[in-house]
Amino acid sequence: MSAVRPVADLTKYGIPGIDQVPFGIHVCHFYRAREDLVDALVPYFAAGLGNNERCVWVTPFSTDEATAALGQGPPGLGGMLDKGQMEIVDARSWHTNTKGTDENSVVQFWLHEEEKALSKGYQGLRSAVDTSFLVDEWDTLMDYEGAVGDAIRDRRILMLCTYDAHRCQATGVLETVRTHQHTLDRRDVNWEIDSLVREESLRTMRARLEHATQLANVAELSAAIAHEVNQPLAAVVSNASACLRWLTATPPNLERVRLTAERIVRDANSAAEVVNGVRALFKRSAPAAVPLNLNEEIEEVRQLVLEEVSGGEVSIETDVERDLPRIVADRVQLQQVLVNLFRNGIEAMERTVDVPKLLSIRSRREGKHYVRVEICDRGSGLQDPDSTFKPFFTTKKNGMGMGLAISRSIIEAHSGRLWATNNEGWGATFCLTLPVLASELQ
Amino acid sequence: MTSPDQLVMIVDDDYRVREALQELLRAAGLCSVALGSAAEYSAYPKPDVPACLILDVELPDINGLDLQRQLAEGYHPPIIFVTGHGDIPSSVRAIKAGALDFLTKPFSDTELLRLVHAALAQDREQRARQADLDHLRQRFHSLTPREREVLPLVVSGLLNKQAAAQLGISEVTLQIHRTNVMRKMEAASLADLVRMAGWLNIPASQRRYV
Chain W
1 MSAVRPVADL TKYGIPGIDQ VPFGIHVCHF YRAREDLVDA LVPYFAAGLG
51 NNERCVWVTP FSTDEATAAL GQGPPGLGGM LDKGQMEIVD ARSWHTNTKG
101 TDENSVVQFW LHEEEKALSK GYQGLRSAVD TSFLVDEWDT LMDYEGAVGD
151 AIRDRRILML CTYDAHRCQA TGVLETVRTH QHTLDRRDVN WEIDSLVREE
201 SLRTMRARLE HATQLANVAE LSAAIAHEVN QPLAAVVSNA SACLRWLTAT
251 PPNLERVRLT AERIVRDANS AAEVVNGVRA LFKRSAPAAV PLNLNEEIEE
301 VRQLVLEEVS GGEVSIETDV ERDLPRIVAD RVQLQQVLVN LFRNGIEAME
351 RTVDVPKLLS IRSRREGKHY VRVEICDRGS GLQDPDSTFK PFFTTKKNGM
401 GMGLAISRSI IEAHSGRLWA TNNEGWGATF CLTLPVLASE LQ
Chain D
1 MTSPDQLVMI VDDDYRVREA LQELLRAAGL CSVALGSAAE YSAYPKPDVP
51 ACLILDVELP DINGLDLQRQ LAEGYHPPII FVTGHGDIPS SVRAIKAGAL
101 DFLTKPFSDT ELLRLVHAAL AQDREQRARQ ADLDHLRQRF HSLTPREREV
151 LPLVVSGLLN KQAAAQLGIS EVTLQIHRTN VMRKMEAASL ADLVRMAGWL
201 NIPASQRRYV
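Chains W and D are the protein sequences, given in the same order. Start counting the first sequence at 1; every next residue gets the next number (our numbering). Start counting the second sequence at 1; every next residue gets the next number (our numbering).
The shape of chain D in the complex, shown without the other chains (with noise of 0.2 Å):
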């Protein structure tokens, strides 16, 4: 099989649930892969592209609420709890910590489906916010140390002036700085910048005295 473009992981101890989960999902036309344990699951190589996980609950090493606190501590596809009895504190807990939701077996099929869609839509959108994200880091690393020095003297609203000061450097250079931050940022106004700053948590470095 070619690497598919979407992947749901199914984790369950149960062989016949993890099959029946299969064959359900690739009717709807659904790449899948089933893994029986928390320790199959860490172990399995994750293709690059959006998924979403199906967690039982009893699982046979980790329980799959602690196997979530885990996951929560990287990056992780949005998760969907499967369990054989729905005790509420168990669900709250799971739909605290993040997940998609709470299914009760046997599930219906059309609601399985819905929130599988539903969580590889919200996979591909953070995948893209993360791309976005990394592809701003790149351009942040490519500035020089003294651009970088500059950028949060910038974004605090200093006036050239004062951001020179700052510096010890002259308004021109500054003012040289500036504009190769800018363009290397891929800003096309200050407003950007200052957004941009703001999604690579770099503090505004300096509040203006008037």
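The shape of chain W in the complex, shown without the other chains (with noise of 0.2 Å):
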């Protein structure tokens, strides 16, 4: 047992944007690229090596690497790697090391490390640890990770598991941010953790519209979910017949009853923690209606979205109405439907020849009360507009067909109207409208 400790302290984190925490958080991050960790982690183990604590970072990189990139922080950083209060390691021979042992004796390993650098006089332990190389045993990294989660909690410890998002498939990021306590982000140049630090003047433009960009993957993820939820739901399903089926046996069988009940309810109710990890994971989307110019909006969307297919021969065009009036709408919502219907349209001249891939976005005042958007493709056109928008319709390879359902179920909720038309010659428009906000009215 160990001694009384202070519990609940606060150190500061480091990382920008995120002020202080609480020791005994459990934290993951998705990295998009090299960059991103080692913005995320200099200024990190910068703090912590600035309050005295002592840092381990299971590092991706060679240590050579690590200590490189560690350089390129604050001075003194390097320094403390010779006074041994930081340490690297690299990941790979970590995780051969630590290979085959139980999920206790890793997280035993945590607090054993946290107890000695208590000892020396340390304030705590900071780490990061980097995953890369579990991937492949995913089921024993999140046993690891549920059991290191509970075991920190009250440690002077600070967690920070770094995930490769190129190595992680949608399920598996719905189960990390499950077991974890929070999930950090990048927001352009400053950071957020969820649900723990949140200063509105730090929520950028560009973090909710990640968030957005997030969300507009739906087929991806809803087909993720579908899977999910349908392998419990397939043996609830079975079991309940196998169940009536003893019912009605001659005699009725009350022992296979019984159990194949239990079994249903333990079934349904894994069915239901998936859906309840899906709320969690959407839970930032919960709608916020503010009053936004809809060209801004489109203007972001489209930097967003060249972003994505620079390097291809689309160009997006747009045509919009100066002192357009603004409009009423939940910021992230409205650019999921904007992401969703310019990725459309691109998608949909993947295969035009002959004419050139433009996609042309404009905005209107529609009469007095509504503002319309128009985008338009070159592509095939669609074969009947009204279907498009009809739940699981799709005419991708790997779509679910939720994407304009979604789409126009969020439009209509915002009391507008989303609907498409092909064009005479190539292509298709989707248009929308949106009230006008009522202050601008007059």
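FYI, nobody ran anything at the bench for these hints, they're computed from the structure. Keep in mind that this is a model prediction, so the values were computed, not measured. Beta carbons: idealized from backbone N, C-alpha and C, even for Gly. The reader is advised that the hints may include incorrect statements.
Here are the computed distance ranges between Cβ atoms for each label pair [to be verified]: (1) W:Pro-252 with D:Ile-95: 35 to 41 Å; (2) W:Asn-422 with D:Val-49: 57 to 63 Å; (3) D:Tyr-44 with W:Ala-226: 26 to 32 Å; (4) W:Arg-32 with D:Ala-97: 36 to 42 Å; (5) D:Glu-73 with W:Thr-96: 35 to 41 Å.
Rough simulated footprint, nothing fancy, chain D against chain W, three-plus residues with beta-carbon under 8 Å [what the hints assert, rightly or not]: (6) 225-238; (7) 244-250; (8) 355-364.
Assembly of the complex is requested from the two constituent chains, each provided in isolation within its own frame, with the hints serving as guidance.
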């Protein structure tokens, strides 16, 4: 047993945009590029060294690269390495060494490290652990993550688990978010930890937009969720059928009836858990209607989508009406719709030849009460413009057919309309209207 | 448990689904075994009884459709595919490659049991045919080398005289070989023998020149 220790003590997290955090938090971060990781971890460890904490970085880089990366940080960071306050371990050998050991011994290792650090007079243990070499043994990894989160809760440990976003599947992301207390996200210059430290001033445009694009990837995510829910559901249906058969057998086999009924409860609960996990993931998207300038939203989305297609032959042209009256909408949701429509337009032109791949966006005031946006592509057009909005309608190989259905329900929830028509010549146009903000009607 | 007279094999990576399917089959009076991956299926010592395979498309090691392709090289029980999301291209692929059906989870118990019974019946028939063929092969192997030379000539429709000339033996000797072939092959008539030769893939070695 360790001595009674001060808990719920705050320390500086170091990562820009995030102020102080309590010890004992277990955070995950999905990085898309090496720079993301370096940008987060250099100030993270600098803060730890500043607060006289022992620091351990289980890094996906070679130890030389990691040392060099830290060397870009504030002076003194490199020196801490020599003093032994900071340790760099390369993730590959770390995982080879811990391989085969059960999750509890790895958890014990961290607890032991903390005790050692405290006994040497450090303020606590700050670690960042990269999981890249463990994703192939996903279940083991999740067992560990689940156990470590519980174990460090009352300890002077900060645990940041870094995941290479390219190596995680959508279901994996869901599970990871579930096994960690918090998720660290990059928001342009600043960063954000969900449900922990939020300064309204730090919530940049970009932050919301990034989340919007995550949401716009509805097709991939919904397929993953559908699968996760479907498995226990299939088990429930088969168990229920078996249960009925045992009941109607002569004589009824009540022992099997009880067993199957118990399994039905268990599996139905696990389906519900998945749904709750999804809800937790989307909790930031709670509708918040604010006055918005549609032209600004269009421009933001255009920039974002252009980044995605950079290098391709697609161009996006905008023709927006100046002095467009503002509308009122949930920004995240509106951007989700726009991203979805832009991407659809671009995908529709994938097989276009002969004519330039041009996506034209137009905004206009429509009558007194509405603003209208048109997204016009030069693709092959729609076979039946109306049925494209039906749920599960898709012409894409990997689509679930939910994107447009969700988009329409969002626009309708904002008292607007979303529809599609075929152009004369080539392609299709998606139009949406939204009501003008009441105060702009004078 | 005594060895069953028929067996349903379930390959699915989700234990909840395996458990539920086994329960359903058990309630319907069917014996089953549940396996968690393609590798487990391959390693499982399959009893020599009519069987069928309920195969999940999304397996941890290899895709169910790929397993089907591997199995296609040898004898395998009829396959019923189940999948979490039934996409059309995969189901077409599976059916074309000989799967009995392609069910999307969750599926109805009556539909599954109907298919399982159909699959077991199909395997029973396939096995009976295989057994007949094995028996026929045994009979063919009981022929002497000379008799095996005589058989293709006879089923080609050559006259005794022509066949004897081919082999450089007398017509009487040929007649004796021919009688032995008919008896050992348990052929009731020449037509019967021709049919057997067809099953055994023995080509008619000679065309008859008239």
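Hints versus structure:
The given range of 35 to 41 Å is respected by W:Pro-252 and D:Ile-95, whose C-beta atoms sit roughly 38 Å from each other. Look at W:Asn-422 against D:Val-49: about 60 Å separates their beta carbons, and that is inside 57 to 63 Å. Separated by about 30 Å at the C-beta atoms, D:Tyr-44 and W:Ala-226 satisfy the suggested range of 26 to 32 Å. With their beta carbons about 39 Å apart, W:Arg-32 and D:Ala-97 fall inside the hinted range of 36 to 42 Å.
For the pair D:Glu-73 and W:Thr-96, the supplied restraint of 35 to 41 Å holds, since their beta-carbon distance comes to about 38 Å. Coverage of the region 225-238 of chain W by chain D holds. Counting CB-CB distances below 8 Å, 11 residues qualify, and the rule asks for three or more. Counting residues of the region 244-250 of chain W whose CB lies closer than 8 Å to any CB of chain D gives 3, so the stated coverage by that chain holds, three being the minimum. Counting residues of the region 355-364 of chain W whose beta-carbon sits less than 8 Å from any beta-carbon of chain D gives 0, not enough to reach three: the coverage restraint is violated.
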